[in-house]
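Each residue of the sequence shown is one higher than the one before, counting from 6 in the numbering used here.
By construction, these hints were calculated from the structure, which means they are not laboratory data. Any given hint might turn out to be false.
What the hints assert, rightly or not - With a straight-line Cα cutoff of 30 angstroms, these simulated DSS-like cross-link-like pairs (lysine-lysine) come out:
#, residue 1, residue 2
1, Lys35, Lys46
2, Lys116, Lys37
3, Lys46, Lys116
4, Lys109, Lys35
5, Lys224, Lys57
6, Lys103, Lys57
7, Lys46, Lys57
Said to hold, decoys possible - Each pair of labels, with its calculated beta carbon distance range:
#, residue 1, residue 2, range
8, Pro190, Lys103, 41 to 47 angstroms
9, Gly81, Val169, 27 to 33 angstroms
10, Thr256, Lys37, 24 to 30 angstroms
11, Glu201, Val64, 16 to 22 angstroms
12, Ala189, Gly126, 37 to 43 angstroms
13, Val169, Arg215, 34 to 40 angstroms
14, Val169, Thr55, 22 to 28 angstroms
15, Val64, Thr258, 25 to 31 angstroms
16, Asp234, Ala34, 30 to 36 angstroms
17, Thr122, Gly81, 18 to 24 angstroms
18, Thr55, Glu154, 31 to 37 angstroms
19, Gly126, Asp200, 18 to 24 angstroms
Every residue, glycine too, gets a C-beta built ideally from N, C-alpha and C.
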Amino acid sequence: MSLRVFVSCLALTLSGCTRKSDDTAELSAKVKQRLVERDTKLGGYHIAGTVKDEGLDAVPFSFQYRAPQRMRGTLGAPASRIFAWDGTHLFEQLDGEKRFTTFKSELPPAKLAGFLTETFGVFTPEGFRAPLVSRGATLRRTRHARAPEAVELSLTLGEEAGGVALVYVLRWPGLDFLEKRTRAPDGTEAEVRMDEEQCDEALGLCVPKRLTRWLGGRKVGETVLSRVDLASPPPNDAFTLVAPEGYDVQTRTLVESAAQNPPSGG
6 MSLRVFVSCL ALTLSGCTRK SDDTAELSAK VKQRLVERDT KLGGYHIAGT
56 VKDEGLDAVP FSFQYRAPQR MRGTLGAPAS RIFAWDGTHL FEQLDGEKRF
106 TTFKSELPPA KLAGFLTETF GVFTPEGFRA PLVSRGATLR RTRHARAPEA
156 VELSLTLGEE AGGVALVYVL RWPGLDFLEK RTRAPDGTEA EVRMDEEQCD
206 EALGLCVPKR LTRWLGGRKV GETVLSRVDL ASPPPNDAFT LVAPEGYDVQ
256 TRTLVESAAQ NPPSGG
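Work out the full structure, taking the sequences as your base and the hints as a guide.
Structure representation (structure tokens):
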């Protein structure tokens, strides 16, 4: 091979690598921007339905959200458990025990955010919270049975999360949730699939109405939403609870040593 041909081939190779790197960076920037836009569109909503695990009865739940960081989740009926965060205080109402607790927070902001995510994550189905495009995540365009164009987001969680490999598949360009796959270091594979969705033309997005959970290829649970209201943000006072008459009322403080666990009953 002549020197001129070699240099030409080398230039083409380097150009291809640069182009691929540029495309990846551009896709990552677009995905991050669109996820932020999607979160903004989902700035207030009310959902309700049931969650069922294999071998157990379906449990009713509801969840209300209003940006920024106002949340209210109800689990079970008629003896329900209610958790609410009004931006300042966390409320816990246990109807079965007739106990009402107000928590004030002394947690640092990062610890508080993690605590709230842990407490209210059980009420928030996939598709209503955006996956985190963290450093080390890889993105590529793909296809899906429910989307001619999709994006696959892959990352491996750190040791504190067991080193689980995580893959999200999102419809392009709205980044609607399609599926999530996980693989543990021991080879155990799990999946969450979107089987039915509700689309909002005004917002330009879709959210799941029915999600199924799979483990090793076997269905082990599902979440079915009977109510999805994306157009009417709950009022601010919906997140400040008042103790019902006859309940044991307590006041507690969230401190760093308690940040590892949600309130009792959570």
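**Assessment of proposed distance window 37 to 43 angstroms (beta carbons of Ala189, Gly126)** = violated (19 angstroms)
**Request:** Evaluate the given range 18 to 24 angstroms for the C-beta pair formed by Gly126 and Asp200.
**Result:** For Asp200 against Gly126, whose Cβ atoms are near 21 angstroms apart, the range 18 to 24 angstroms holds.
**Asked** Is it true that the C-beta distance of Thr55 to Glu154 lies inside 31 to 37 angstroms, as the hint says?
**Response** Because 32 angstroms falls inside the window, the suggested range holds.
**Request:** Could you say whether the range 22 to 28 angstroms given as a hint is met by the Cβ separation of Val169 and Thr55?
**Result:** The hint (22 to 28 angstroms, Cβ to Cβ) holds, given that Val169 and Thr55 are roughly 27 angstroms apart.
**Item:** Arg215 and Val169 - C-beta distance against the hinted 34 to 40 angstroms
**Value:** Violated, since Val169 and Arg215 (Cβ atoms, about 25 angstroms apart) do not stay within the stated range.
**Prompt:** Holds or violated: 27 to 33 angstroms for the Cβ distance of Gly81 and Val169?
**Reply:** holds (29 angstroms)
**Request:** Given the range 30 to 36 angstroms, decide if the beta-carbon distance of Asp234 to Ala34 lies inside it.
**Result:** This hint holds: roughly 32 angstroms between Cβ atoms.
**Prompt:** Holds or violated: are the alpha carbons of Lys35 and Lys46 at most 30 angstroms from each other?
**Reply:** OK: Lys35 and Lys46 at ~16 angstroms, within 30 angstroms.
**Prompt:** Could one say that the CB atoms of Pro190 and Lys103 fall in the range 41 to 47 angstroms?
**Reply:** Given a distance of about 45 angstroms, which is inside 41 to 47 angstroms, the answer is holds.
**Asked** Is Lys46 within 30 angstroms of Lys116, Cα to Cα?
**Response** holds (26 angstroms)
**Asked** Taking only the CA atoms, is the gap from Lys116 to Lys37 under or equal to 30 angstroms?
**Response** holds (23 angstroms)
**Request:** May I ask you to test the hint 16 to 22 angstroms on the CB atoms belonging to Glu201 and Val64?
**Result:** Holds, since Glu201 and Val64 (Cβ atoms, about 19 angstroms apart) stay within the stated range.
Violated hints, listed in ascending order, are 4, 10, 12 and 13; each of the other numbered hints is respected by the structure.
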